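Asks: Below are the chains, spelled out letter by letter.
Protein chains: 2
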Amino acid sequence: MELLDGKLCSEQIRREIKEEVDTIKTSGKRPPHLAAILVGDDGASQNYVSMKVKDCEEVGFGSTLIQFDANVSEEELLNKIAELNADNTIDGFIVQLPLPDHIDDNKVILAIDPKKDVDGFCPENIGKLCLGLPTFVSATPNGIMELLRRYQIKTEGKHCVVLGRSNIVGTPIAILMSRNNDTGNATVTIAHSRTKNLKEICRSADILIVAIGKTKFVTADMVKEGAVVIDVGQTRVPDKSRESGFRNVGDVDFDTVKDKCSFITYVTGGVGPMTRASLLQNTLIANQRR
Amino acid sequence: MELLDGKLCSEQIRREIKEEVDTIKTSGKRPPHLAAILVGDDGASQNYVSMKVKDCEEVGFGSTLIQFDANVSEEELLNKIAELNADNTIDGFIVQLPLPDHIDDNKVILAIDPKKDVDGFCPENIGKLCLGLPTFVSATPNGIMELLRRYQIKTEGKHCVVLGRSNIVGTPIAILMSRNNDTGNATVTIAHSRTKNLKEICRSADILIVAIGKTKFVTADMVKEGAVVIDVGQTRVPDKSRESGFRNVGDVDFDTVKDKCSFITYVTGGVGPMTRASLLQNTLIANQRR
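Chains as they are written, first to last, in this note's numbering: chain A, 3 to 292; chain B, 3 to 292.
Any given hint could turn out to be false.
One copy or any two copies: either way a pair holds, since identical chains are not told apart in the list.
Unchecked claim - In silico lysine-lysine, BS3-like type, Cα no more than 25 Å apart, as pairs: (1) K109 with K198; (2) K198 with K156; (3) K226 with K27; (4) K260 with K117; (5) K260 with K226; (6) K9 with K216; (7) K117 with K218; (8) K201 with K262; (9) K160 with K226; (10) K201 with K160.
Honestly, the hints are just simulated from the structure, not real lab data.
These numbers come from a predicted model, not from an experiment.
Whenever a hint applies, use it, and build me the whole structure from the sequences.
Replies: Dropping the structure here:
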């Protein structure tokens, strides 16, 4: 078993980005600038956004953090988005999800200028992904593809089972893996909560990508000998032994599954850092396209 | 075995549309108007477009046919699209594909106003399909979904194998079948030319949708007893016994496969008429949204 080391891989990507930023700065141009909107005080969301801002600093990007109370009106949020769309000093921005119930997520996503949608959540960018056109591929699927690519894992003709069909992970990764190109060409099965014979289907996977949001859902009996397993799950569970008071648990029961795999990610240092690195890649692309 | 009668079903849809059009006219509003651009003199394309225009007449839509020589410049074509985008008397329009080699299909598709893209080929509309937002679902996938719906074929928990991954059929139908709703909720496998064990995968399908463009590719040994088989293929082969000089052959070897199926479409009177009816549905929606 070899660990797919997302931490190591993302550090390499960050170094590459930093070099690009240095070149941009040397040439007298403005470096990439990412803005992030955070609504409310959800601990996990706060944590994610602050990491994203820190990532920007590390690679030499500019960053702007915009915080709203949980009771901000939809209108006020949409006004801020319009402002960011028009702001020429900002290359891309994200609105951290989930949003409070009184705000319509879709309305917010549709308000973002696709050219600045570095999360790749807008219909236009998802559609371009489907069509194989240049776009912002959303950060998690992009990070997974990058991880497979950098570990030179062959996908052509392999059976890839994607567990979960969310708009931001399951569906786009399924499309990417099935595309007619060097990093795709897999036979892809999209499985989910309504799937029958789930164990059997998982066991038929050469590459198993799990994004179902249920802790330790995938157990050893669901994994084929020699499979590649990518765990996208990251659920916070209380843990008094930790200073933070919690730890992240994946969708895969790592300890029992790992010995059956050729390659596997671990919940920490796996897909998470690759997702963060992908957001930086997209922001750099947004800067270069302008 | 029961035939999924796309002809019968599409006639019903057309009657429903005609009733709507009558109501629109009675209320003094302008009925839906579809424009179609045809480039060159490919026999099949000419035939498709003329059928679409005829369909419009039958249900009381207005229609405009715009024809260009095969050597029309890309610029001239894009200018015409800009004109149609701005024309308030036209609700939707299509550009019949394929286009001659000197014209970039993607450039043309990206030029169409998504609000008038009744073929549902624009990135924004494909992205909305992925997100489950109101959109124009492209005509063939929409027609297949409508056929399954009207024959009350249960999809939840079924294994649907889609053979082919094109932008306009395979990929969108795979997404629609996997969605979390009454007409979706299937476990979906996207199979294609690089798929290994193709026969075995097809044999595991409760619902087999074939859009691979190879005549009589699916044979009886690839179909499970009791499966639902949808044949999207439609290839013209020379046939001197016909007045037209050709006949359409599907991707499914109907004669040997039919007896194993619970439901099956036939190349004539199957998916084709449903596709045509879907274009009318989309044009009606475009009219109602304006």
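Asks: Evaluate each hint against the coordinates.
Replies: Quick rundown of the hints versus the structure:
no.	hint	verdict
1	K109 with K198	neither (34 Å within a copy, 42 Å between copies)
2	K198 with K156	between (28 Å within a copy, 14 Å between copies)
3	K226 with K27	neither (49 Å within a copy, 62 Å between copies)
4	K260 with K117	neither (40 Å within a copy, 49 Å between copies)
5	K260 with K226	within (11 Å within a copy, 35 Å between copies)
6	K9 with K216	within (23 Å within a copy, 45 Å between copies)
7	K117 with K218	neither (38 Å within a copy, 44 Å between copies)
8	K201 with K262	within (15 Å within a copy, 28 Å between copies)
9	K160 with K226	both (13 Å within a copy, 23 Å between copies)
10	K201 with K160	both (18 Å within a copy, 15 Å between copies)
Checked against the numbered hints listed earlier, the structure breaks hints 1, 3, 4, 7; every other hint is satisfied.
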